[in-house]
Amino acid sequence: MRFRRLKDSLASRLMLSATVFSALLVILIAVGLYLKSRPVLSVQPLSKLLFSSSWHPMNGEFGLYPFLMGTLWVTGVAMIIAIPLCLLTSIYLAEYAPKRVRGIVKPMIDLLAGIPSVVYGLFGILLIVPLTKSIASAFGSTTNGYNVLSGGIVLAMMVFPVIIAISTEVIETVPYGMREASLALGSTKWQATKLVVSRGALAGLIAAIVLGFTRAFGETMAVLMVVGNVAKAPSSVFDPAYPLPALIANNYGEMMSVPLYGSALLFSALVLLAVVFLFSVGARTILLRVERGYQVG
Amino acid sequence: MVRDSGANALGRVCLALLMLSLLVGLLGGCGGQTKGGYLIDVYTRSDACGAGQTWAQYLGNYTQDDLKGTGVYGDPGLEEAVKQDRLAIGYSNLNYAYDMASGTQISGIRVIPIDLNGNGRIDADEDVYANKTVLLSAIATGVYPSPPARDENIVTKGEFKGIAKEFVRWILTDGQKYCSEVGYVPLTQDQDESQLAKLGNEEPETTLEGRIAISGAFALYPMMGNWTEEFHKLHPGVSFDLSAGGAGKGMTDALSGMVDIGMVSRGIYPAEIQQGAFWLTVTKDAVVAIVNAKNPVLQDLLTQGMTRQAFTDVWITGNVTDWRDVTG
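Just so you know, the sequences run in chain order B and R.
Mapping to the working numbering: the first sequence position 24 is 24, numbers consecutive.
In short: position in the second sequence from 1, add 1000, done, that's the working numbering.
Extracted from the complex, chain B is given alone in its bound form:
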């Protein structure tokens, strides 16, 4: 009897400490990055670090603005491409597709998630870079193909499986009775989907998109290979960009060469963490609103 109790309390303590550990990890990382980025913060004011466009680490100038903009542009383009495609796909898979089609298509999409990012990068160089080059010249703009659009397309392909898998499941959890009620009133399948199912699943769909976004912010290797890496804030989708993760991956080797360089790189990691954090807090707030709206209405 006592042994059983002991096991019970042991198990609960073990799980508690595991939970505390994983919850503390984020704080641990943030504190570690902050401590390491203090040298550069003491040399340059925060506003200059974040909003100066001048990146010349050998001369002690560390303006992260081009990299911040690069991250936002590439992620933005990726989401503009990914959101409609993913939502349409998951609605089709959950509502319309015959079982057999689903059985074939879903595993194929899930497989996308397992492809290493270097492979996406190579695919991007071989196919997407020439494609955006010709798209750009159709619009009368010149680029060599290494630009925001290439990065966005590659990134969109990488977030497909995340968003599609989650949204399909979310849509499936909408109670069947809601559809039946709508269909019974004479709606078409599309009307039922648009007016009833999509509303019931809205909160979950937003959560799926947020997860996709957070993955997109941090994705490094594949984007780095096609995005051009020019330290200048882009002004169109055909301009090259230089996202924060690419900055870190390209230059962490030089951490020892200039004392402040390493500190600046760790600060940019902290900035990336902050961007993702702000974004998910914002998304969570929206999510709460949506959910509360349902309870009231």
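Note that these hints are calculated values from the structure, not bench results.
Heads up, none of these hints are tricks.
If you want the footprint, here are the derived chain R segments under chain B, 3+ residues with CB under 8 Å:
1. 1044 to 1053
2. 1084 to 1096
3. 1233 to 1247
Below, computed lysine-lysine pairings styled on DSSO-like, alpha-carbon distance capped at 30 Å:
4. R:LYS1083 to R:LYS1132
5. R:LYS1083 to B:LYS232
6. B:LYS232 to R:LYS1068
7. R:LYS1177 to R:LYS1132
8. R:LYS1157 to R:LYS1177
9. R:LYS1161 to R:LYS1177
10. R:LYS1198 to R:LYS1165
11. B:LYS36 to R:LYS1157
12. B:LYS48 to R:LYS1068
Ideal Cβ positions, reconstructed from N, Cα and C, are used throughout, including at glycine.
Since the structure of chain B is already known, use the hints to place chain R on it.
Structure of chain R alone, referenced to chain B:
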């Protein structure tokens, strides 16, 4: 009925989108052929590397961050970018511009000859790019300038110790004979002696056994691979962990004690010496400028070459943006 029409509409939208994107792609493909002129597509390395640093140094007192152009990751990446883009200009480690086995220039790219005396054409004594053997001897005799020819260095914190020290001693003595067969330039007698003196006296240790960890520059990696193999044949008790990850990584790993030997294909910065970097030169190679083999002004480019000033106009100031202005 109801079900079908919904599915069809959705399908039709998807199909239309697909067709539209294909159409745009096709139109673009045609458009690119006719307009756009001969605007130079300038490429540079995105990762912190010895090649970029050396090239920037050649163009003046610059660093890799000053080089304009699209940043591509790694030597193989830059080579691929130049291969695909007929208006491209880039720079590359010698061993990535010439075929390892045959010693000829890799198909799809051409090495730009440097007009050393600035007379607007490539004289017989400046024409040293036909194959790797010719270029290597031009580097050894100093005809090909330095930079972009450069010393390949190995680095450690403090000084080389134990079996690593004996391995380095072997590289500077018997190991030098393998340089030219892999595609590098051996050190001259003087250089060799000064480096050996810097290395210091022989260790009293007699048994050569253990592991030596090495990481760093892509440029030195093929040479180091050959050396470690040959040394392992002589001393089977010694094994190696060898990896490539760029000059900066070699330096960082060596200074943090992660590896016994760091490969660094650029000069050593004062800040690194302050942190205890100790380095030796083990061989030489070079960075060369490359273009696409279908470059619109290729013939002129090969007969006229480019001067250091012309490279600076392209990579640093951006004064020259059209291929026709390069060849005049």
